[in-house]
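Please put together the full structure from these sequences, using the hints given.
Protein chains: 2
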Amino acid sequence: MAYKYVYLFSEGNGSMRELLGGKGANLAEMTNIGLPVPQGFIISTEACTRYYEDNESIAPEIEAEIFEYLHKIEEINDKKLGDPAKPLLVSVRSGARASMPGMMDTILNLGINDEVAAGLIAGNSDPKFERFVYDSYRRFVQMYSDVVMGLSKKRFETIIDEIKEKKGVKQDIELDTEDLKEMLQLFREFYKKELGEEFPQDPNVQLMGAVKAVFRSWNNERAIFYRKMNEIPSSWGTAVSVMPMVFGNLNNNSGTGVAFTRNPATGEKGLFGEFLMNAQGEDVVAGVRTPSSIDELAQTNPDVYKQFSEIANRLENHYRDMQDMEFTIENGKLYMLQTRNGKRTAAAALRVACDLVDEGMISKEEALLMVDPKQLDALLHPQFDADALKKATVVASALPASPGAACGQVVFSAEEAIEEAAKGNKVILVRLETSPEDIEGMHVSQGILTVRGGMTSHAAVVARGMGTCCVSGCGDINMHDEEGYFEVFGHRVNRGDYISLDGSTGNIYLEAIPTVPASLSGNFGRFMGWADEVRTLGVRTNADTPADAKQAFEYGAEGIGLCRTEHMFFETDRIAAIREFIVSKTTEQRKVALAKLLPMQQGDFEQLYEVMQGKPVTIRFLDPPLHEFVPTNPEDIENLANTMNLPVEEVYQTINNLHEFNPMMGHRGCRLAVSYPELAEMQTTAVIQAAYAVMERTGMDVTPEIMIPLVGEIKELQYVKKVVCDTADAIIEKMGKPLHYKVGSMIEIPRAALTADEIAKEAEFFSFGTNDLTQYTFGFSRDDAGKFLNDYYGKNIYELDPFAHLDQDGVGRLMKTAVALGKQTRPDIKLGICGEHGGDPTSIEFCHSIGLTYVSCSPFRVPIARLAAAQAEIKNPRRVQA
Amino acid sequence: MAYKYVYLFSEGNGSMRELLGGKGANLAEMTNIGLPVPQGFIISTEACTRYYEDNESIAPEIEAEIFEYLHKIEEINDKKLGDPAKPLLVSVRSGARASMPGMMDTILNLGINDEVAAGLIAGNSDPKFERFVYDSYRRFVQMYSDVVMGLSKKRFETIIDEIKEKKGVKQDIELDTEDLKEMLQLFREFYKKELGEEFPQDPNVQLMGAVKAVFRSWNNERAIFYRKMNEIPSSWGTAVSVMPMVFGNLNNNSGTGVAFTRNPATGEKGLFGEFLMNAQGEDVVAGVRTPSSIDELAQTNPDVYKQFSEIANRLENHYRDMQDMEFTIENGKLYMLQTRNGKRTAAAALRVACDLVDEGMISKEEALLMVDPKQLDALLHPQFDADALKKATVVASALPASPGAACGQVVFSAEEAIEEAAKGNKVILVRLETSPEDIEGMHVSQGILTVRGGMTSHAAVVARGMGTCCVSGCGDINMHDEEGYFEVFGHRVNRGDYISLDGSTGNIYLEAIPTVPASLSGNFGRFMGWADEVRTLGVRTNADTPADAKQAFEYGAEGIGLCRTEHMFFETDRIAAIREFIVSKTTEQRKVALAKLLPMQQGDFEQLYEVMQGKPVTIRFLDPPLHEFVPTNPEDIENLANTMNLPVEEVYQTINNLHEFNPMMGHRGCRLAVSYPELAEMQTTAVIQAAYAVMERTGMDVTPEIMIPLVGEIKELQYVKKVVCDTADAIIEKMGKPLHYKVGSMIEIPRAALTADEIAKEAEFFSFGTNDLTQYTFGFSRDDAGKFLNDYYGKNIYELDPFAHLDQDGVGRLMKTAVALGKQTRPDIKLGICGEHGGDPTSIEFCHSIGLTYVSCSPFRVPIARLAAAQAEIKNPRRVQA
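Chains as they are written, first to last, in this note's numbering: chain Y, 7 to 888; chain S, 7 to 888.
In case anyone wonders, no lab produced these hints; they're calculated from the structure. All of these numbers come straight from a predicted model, not from anything done at the bench. Careful: at least some of the hints might be erroneous.
Chain copies aren't distinguished; within one or between two, either way the pair holds.
[Claimed, not checked] With a cut-off of at most 27 angstroms between alpha-carbon atoms, the simulated DSS-like pairs for lysine-lysine come out as follows:
{"#": "1", "residue 1": "Lys822", "residue 2": "Lys767"}
{"#": "2", "residue 1": "Lys793", "residue 2": "Lys597"}
{"#": "3", "residue 1": "Lys793", "residue 2": "Lys591"}
{"#": "4", "residue 1": "Lys721", "residue 2": "Lys822"}
If you want it as structure tokens, here you go:
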């Protein structure tokens, strides 16, 4: 038997989503459980893939199979495509594995032509029916011309407008049969003029044209964009369902509607939806007439309502999830046209999940799988007021760098932000890019918008840590910040103007949109508790400040996986000390400078230990290149020279010498500790002394974990570890009380992963720094890749941002190698990840699968990580079953 | 039995070099074949390693073993350390696995003290003997104080000078016994004053002190430096030989000398050396008296001469290599103190190798193993006149970036270099760093000196390609080029001053040293022919210009492994076109600019094909980031704007937009071809049209290989390959004649190595770009690493420059992975390397071992690579033996 590409609804079922698409699989399932569905067939997603493999053509054997199945449904429905006596009209719809609402094309009323139209009219005595037939015919011509043949929609609308003007009416509904006939004629003339041939009368030609158009629409611009936003692979393809038309607009005993089994905004149980009598689906959407609440159907059509609510109930029980259904009533008979798991808000998602467990319909594990971890973001951050958002205009769009909604007045510098915020004004900080010096200004802003930088740029990382909304890398902005304005797509935005940002979508609005604050219901705590019971992967947080750590602790972080010590170096008194360190000429001078930093670092660590209440705290030693700390303006440089009693020229010289061609590949990480071991001594002293201070003050246990960054060679780690241990052990001996501390290594240099068996001889734990590991493995820097990655997405070379989603084929392979080699040397080695990927659900699933001990992510991603970790365990259990 | 750390000479043999050091093993070997060697013992290199493991102390069991062996040699020699009646005096010498002449410490006359001195004098009636004894004694005190106790040599010299002044004499030899007694007294007083204790009279204390001092000297500064220069691992350690003293200065029937079995400068067969009667080894070296030619010994002492020449002959036959020997005659009796394979010039090395084959002493394979490939460099480049070099002073030293010697007048810009060279002046170009725009100036210079940049900086790579001497990365220079001078260690060097550079050592001289030109003898061709017969690894060249290609072809390159197309872009008319390309806004504009480049590129390729006479030519498509091509000075920018009819501001904007934070990880390599496929189209057209033109003109066959740089993902290669093949196949179809071309991939991004099974689906060949692969794998850039790698060398974290010698543990592991994965997909895949490592002998051996097809290196390294490849095959045969 030849390979099968086409399936009757009755041949499929709900589990065949990959082959039949979501819509097709559900139509098949409804057919199988005996619900009233117009009986059609589905052309599989594999046929779509073949279509693209065959250079956008449908192979003869597939075409033959389509017509074989057409004949089967003609028999089932006792109608025939193109037969004027018993004409079959069909809808041709797309349907991918994942729902992509409205992204691809649909064609209705297919099969109509002059003969069929005449036949239909002849077979119906209702005088209004002729108008209905011509309206359907002209709509089909219009749709086919646009979707299949690519003619401009606009010209058709102009024709309609001209006819209405001639007739002096405003609404389509006011046109009579003759008007519609004229319209049809004009449409067909325009078609012939543009394409040099008659509008096809052969329904078979119409059918194949429509199928191809649906396949083609898989790769239209908005579908590609939607897939990119929703991480749907372009290789999946769409299925095509061909279904007999049923008409909700046939008469007053007909109608159409959509309904959910529960309220999609709140999750409350009960039918929730709308319907319109004597209407087609389009009319409900178009908003010309106002639909009625589904409850009213109980009054107007109690039998149909009863049947529909029974079906709704049955479908929810069958699918064990809230359903979103479409139905049509044709002449009093109910038809189900679609069902799917309903989209819902985050709050509703939690309530539905909890309620379904309480109703005994699903297990806790099933409930956990029901909520998309990323959706939790909406509960943790302010959101736009939904109604206000509908009326707002998206002016530009960039990277959704840190979720939440923000509205405020434009400022162009951290200083301005602080000043305006102090006056009680809400501000949005707009910058070319942010630098560590901007932190305080970022903190007081509602949101941050940058022209440069990707998902892991400074602005993005810091904003996520703070939970502040951030949209980054908006290259469409021309900055004139010194003149007090910026331009974007021809709009000029001045300092003080209101703008709004959506950090979850990357949308930018040049208007004030009110926001509603974040709120967590009781369901949240209950649901997250289930996640914690299930998961085997630990969840820690990346936190540098007590505030961040506290937030993360409240969100359930089980420790700090990454404390970036350098983020503490930018406050005024500290930056002075670190600059003094940098311009020092001798080890002695450097030690003097470091001695000034020591009490401050120690104080920071004490606060972090206290907040974390005995949970592990991993402190990464100084990582960035020193030039990030030096002053750039002449005044500061002169001050520094004066403080240090050095000639200004010499300070300039020192700063110039710090210049690097490729700072990402320069003198940073543990390379600094190799050059200046006194730096590691000071940081170790702060870590250990802080631990003793907190243990004494609070009586709680403290286990510091010291993490050495940018290790690439075992001897490098040996050298730095010796400095750390010599320093720590001397303090411990002096204190005379035991203290347990660990020393581990970041794995972020490919060579460290490749020689992890060696590294594990010294490292008591590994933490994968997948931000840098991704950069080195791909050989592109996140700061620069933005310029060309769009070309790569556009050409389908990369589909996902490897800085947001772990590249499992390349970077992941290095990680697996490192895990295997590390365990070979040290079977109980602790394995973590502290790159941005630690907060990304698919990356978390991968980390779970390769056996990591924990992930660490920014505070606001902790709940997401807890849920993603639970889902990973359910899908791929690591826990030994009892 | 306890672990053995000490060996009698008679317990060892010549193959125990690792354990006994070179000197020790050869002493053992000479003992075993019955030559007259004073019988001593050797403390093994393992004892040295233990010494460092035990925190620089000698374990009691080793000390005990040393004294056990001391007693054994006391019995053999019938003398006893410290016994006034039959005193044994010994020398204590270092001796590592590899020869490190003069780098470590030696102590002579050990065992002398007041009693022994008195005993010696009492046992000898010669009145001059007393002076000899006191001279030996004071020399021992001097040497011991310096070497073992670390007292300043200078103070001892001052004491000697004061005594000579008092006495009114100039030479040590004019001092009598009483003077020497006084000197000894003053030495011992100084010793006591400085160290608070008497000079040790106990010979056992002296012995242990001396052994420790030798161990310690393994890590003195000059030894570390020497090891770094000669790639000797610091883990090897040194052995210590303890040997009874024999005295060439006992009387006129005594003497000492050194001799080679062949002339070390020319390789001519025959004893070649010097001797002095009534002298110790030191005297020969010190140059106070002029030694006589070894031939004269035949006259003055025919018996000893005969005995010595027989021994020399026997040793050469025994070791089957030219020997370098030390001997002493004590009272008419000949003692052999050392033999080793003699160091020789490159010319001598080739002659000796060829002669030994002709003499039937060794096989061709043994001859090939006898010559260090790196030594061939000296035959291919000018060298300093040896005599003049001896008198010259090294003022500074930096990286030996491109071998050869150069002497000329300082210039500070490429323009000056061209101008001065046109006048017939020889110039040295001194630059902070070079850029592609400097190429012409570099070409006319005798040598190049840069302040910044490593072994693979632009200056280094280009200079090696040209065969021009280059010393790079001399950070000790303070440039004041705009004021027309530079400073180095307090010396001011003005424009026009003469300096000399040694590109083989990195030495810099602030004086003119005459050079002698390169010259190749007939032995060279014969010897290299043997190498070609043996090797299984191909050798290609990296060449961008016909001149380079011609040079490489003459040196035996079997094809071009890397032609960097961008190196052709810097000539005036071309740079204009590429700049036009860069500032273009549309594909059409870019195509116009590229059309101007096409005929020039095609012309270049035609010349390369012709020079290579049908051998394969691999052309790498455009690699560097575009900002390397844009003008930097305002005038050029304005000109460009005018040419392009664009506002100047817009051109500035374009140039600013090209700025990258980390250009090494930016928009370059095939990323350019993804963004601008028209670039790949143009380059493909040039490659293919050039092939047809040359085939037509010359009738020879041309097989172009197109190489796509910086590939990290299969889809990226697929995209670019499709552009290449579509373009090429269209031309081939138009031409109507077959043309075979290949498309391959650089493997220089870690991700490409990790996914090489995928990459090989498209790539017909791989070429490892180990420069970049090393950068990404280590996560440091070669341009920036110079700043901290010295700290790493100093702390023994890295011992070798990974950009000069392939890192087999990390980068090598990625290469092995890529080779295995690549062959899995495409068993006959061609595998090459075109990084700088392709010309480094140890890296070549590694490439051979992992199964590469060929290495590609700069033209002047081709002979080195041919020899290294032959040696690799001999050591580790890949050829299936018949």
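Run the structure past the numbered hints and jot down the numbers of the failing ones, going up.
-> Of the numbered hints, all hold.
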